[in-house]
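As they're listed, the protein sequences go chains D and L.
When the letters of the first sequence are read in order and numbered with this note's numbering, they come out as residues 2 to 271.
When the letters of the second sequence are read in order and numbered with this note's numbering, they come out as residues 2 to 271.
Incorrect hints may appear among the rest.
[Claimed, not checked] Below are the SDA-like pairs computed for lysine to any residue, each with C-alpha atoms no more than 20 Å apart in a straight line:
| id | chain 1 | residue 1 | chain 2 | residue 2 |
| --- | --- | --- | --- | --- |
| 1 | L | Lys191 | D | Ala152 |
| 2 | L | Lys67 | D | Asp177 |
| 3 | L | Lys67 | D | Ala115 |
[Unchecked claim] Covered, in the sense of this in silico footprint (three residues per stretch, anywhere, with C-beta under 8 Å from a C-beta of chain L), are these stretches of chain D:
| id | segment |
| --- | --- |
| 4 | 34 to 43 |
| 5 | 98 to 110 |
| 6 | 162 to 172 |
| 7 | 181 to 194 |
| 8 | 244 to 254 |
[Unchecked claim] To spell it out: a stretch of chain L is covered by chain D in this simulated footprint if at least three of its residues, at any positions, have a beta carbon under 8 Å from a beta carbon of chain D; those stretches are:
| id | segment |
| --- | --- |
| 9 | 50 to 60 |
| 10 | 99 to 112 |
Derived from the structure by calculation, the hints contain no laboratory data.
Even glycine gets a Cβ: it sits at the ideal position worked out from N, Cα and C.
Next come the chains, spelled out residue by residue.
Protein chains: 2
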Amino acid sequence: MAGTDRTQASMTGGPRVVLVEPQLGENIGAVARAMLNCGLDRLSIVNPREEWPNPRAVTMASGATKVLDDAQLYDTVEDAVAGMTTVYATTARPREMTVRVVTPRQAGAEIRTAEARGERVGILFGPERSGLTNEHVVLADTVITVPLNPAYSSLNLAQAVLVVAYEWFTAEDVTDPDVISTPGTRLAEKEEMHDLFERLERELDAGGFFRAPDLRETVVRNLRAMLQRTRMTEQEVRTFHGIVSALTRSWQHTQNAKRRRGEWPEPDED
Amino acid sequence: MAGTDRTQASMTGGPRVVLVEPQLGENIGAVARAMLNCGLDRLSIVNPREEWPNPRAVTMASGATKVLDDAQLYDTVEDAVAGMTTVYATTARPREMTVRVVTPRQAGAEIRTAEARGERVGILFGPERSGLTNEHVVLADTVITVPLNPAYSSLNLAQAVLVVAYEWFTAEDVTDPDVISTPGTRLAEKEEMHDLFERLERELDAGGFFRAPDLRETVVRNLRAMLQRTRMTEQEVRTFHGIVSALTRSWQHTQNAKRRRGEWPEPDED
């Protein structure tokens, strides 16, 4: 699949995803895929409605079948969380009970810390249509509710797993949030930019670009500001030099052509 | 659907999602649902492979059909972005070109700012299997790449839209990341907790709980620390008083029963 680098070893560990009475095999497969996208590969399934293993789950998992192969099957949620020390329950709607409620981002950060302490963490996700019952929610320490459009806040099962798993992943992700990617080259040094600017301005002087000499300084400043915004690479600086050369040559070219045709050439400079 | 409050007006606005040559109607429907989950409702579709409108899209949109009804259809990406001032392209894999790359979180924050300035923002998503071509990517100002498990980084179309839309939504979401939800009650005041502690400790003294008087202070401190961690509501404090009463009564009860049976009662206190 686009973007997948099979040479990279898959990550392991992270919290265990516990699907409580999932209705459709397709959704279990989609969950496995969303989990592996975010480096999670430990799945438990409590009392699925359809038979297990489920071929439709394998189809939807598209490549994340190992997560399905290693999935643990349980009859009750109590059994599924028995060995855990920290359990979260995901709910879309507020419950009529006094309970700690956190966002997925908060949960992602504190799960990372808990795991570093050696805690065994699980996250409960309820059936597609109804979600977790209050009886399931009280088996957890904390509720996770995804902040969403209040007029339309119901995520499908795999989408809910993705958001929670994504926040767990990004809680320790070190990706530069804003970078200029320069494959096979590097950003230009300022001196390279200044040489380009001065060369360009010389040619523009020769071409009579600056009609109003008293405005030259301002026009040059704005021109440099515009070209600076491109954050050129050293390669692009060389390309831009080539463009300037080509444009000046093309002017000479037309001049010479006119001479050959015996026309009056335009004055080379004034 | 669980969690959806139909009385809430749907949010509108936000960046326009542009699906480039989507292959399956189902996926377009799933995209509409993910968009509306995050308060986005402006969708453009460029040259879909299947016919449009598409009944399978409506099925998958489960409730988000208005997003599909209002979707704009285009023949080319150039036409779709023509009126926009700021365009992002989502790619899973790095491209062989010098381009600015940001995370969805960074994009969500800067799109909010751009919209506040009145910019018209669009986000391109490529076909399911192949993703955007480089020809499409160069139509954008900035690339968005979702940080994911490098060994398995390919999200399905609706999942990619969800992550980017979710980051746009949360960029201005004011949900308390960590709160104790206390429906119909409030957290107990410290005085209510202290009264409960002192009452409990009196009964424990009477019941001979503190066998080693020199350890009493420590045991009491740890007991109070444990009960404090529950962050009781005032209602739960009253419940806990009732529990203490019931347990002491049950002791009296068994004593009296023994007396009635002519057995020696245990000493009431020592």
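Quick rundown of the hints versus the structure:
no.: 1; hint: L:Lys191 to D:Ala152; verdict: violated, 38 Å
no.: 2; hint: L:Lys67 to D:Asp177; verdict: violated, 37 Å
no.: 3; hint: L:Lys67 to D:Ala115; verdict: violated, 42 Å
no.: 4; hint: 34 to 43; verdict: holds (count 6)
no.: 5; hint: 98 to 110; verdict: holds (count 9)
no.: 6; hint: 162 to 172; verdict: holds (count 5)
no.: 7; hint: 181 to 194; verdict: holds (count 6)
no.: 8; hint: 244 to 254; verdict: violated (count 0)
no.: 9; hint: 50 to 60; verdict: violated (count 0)
no.: 10; hint: 99 to 112; verdict: holds (count 8)
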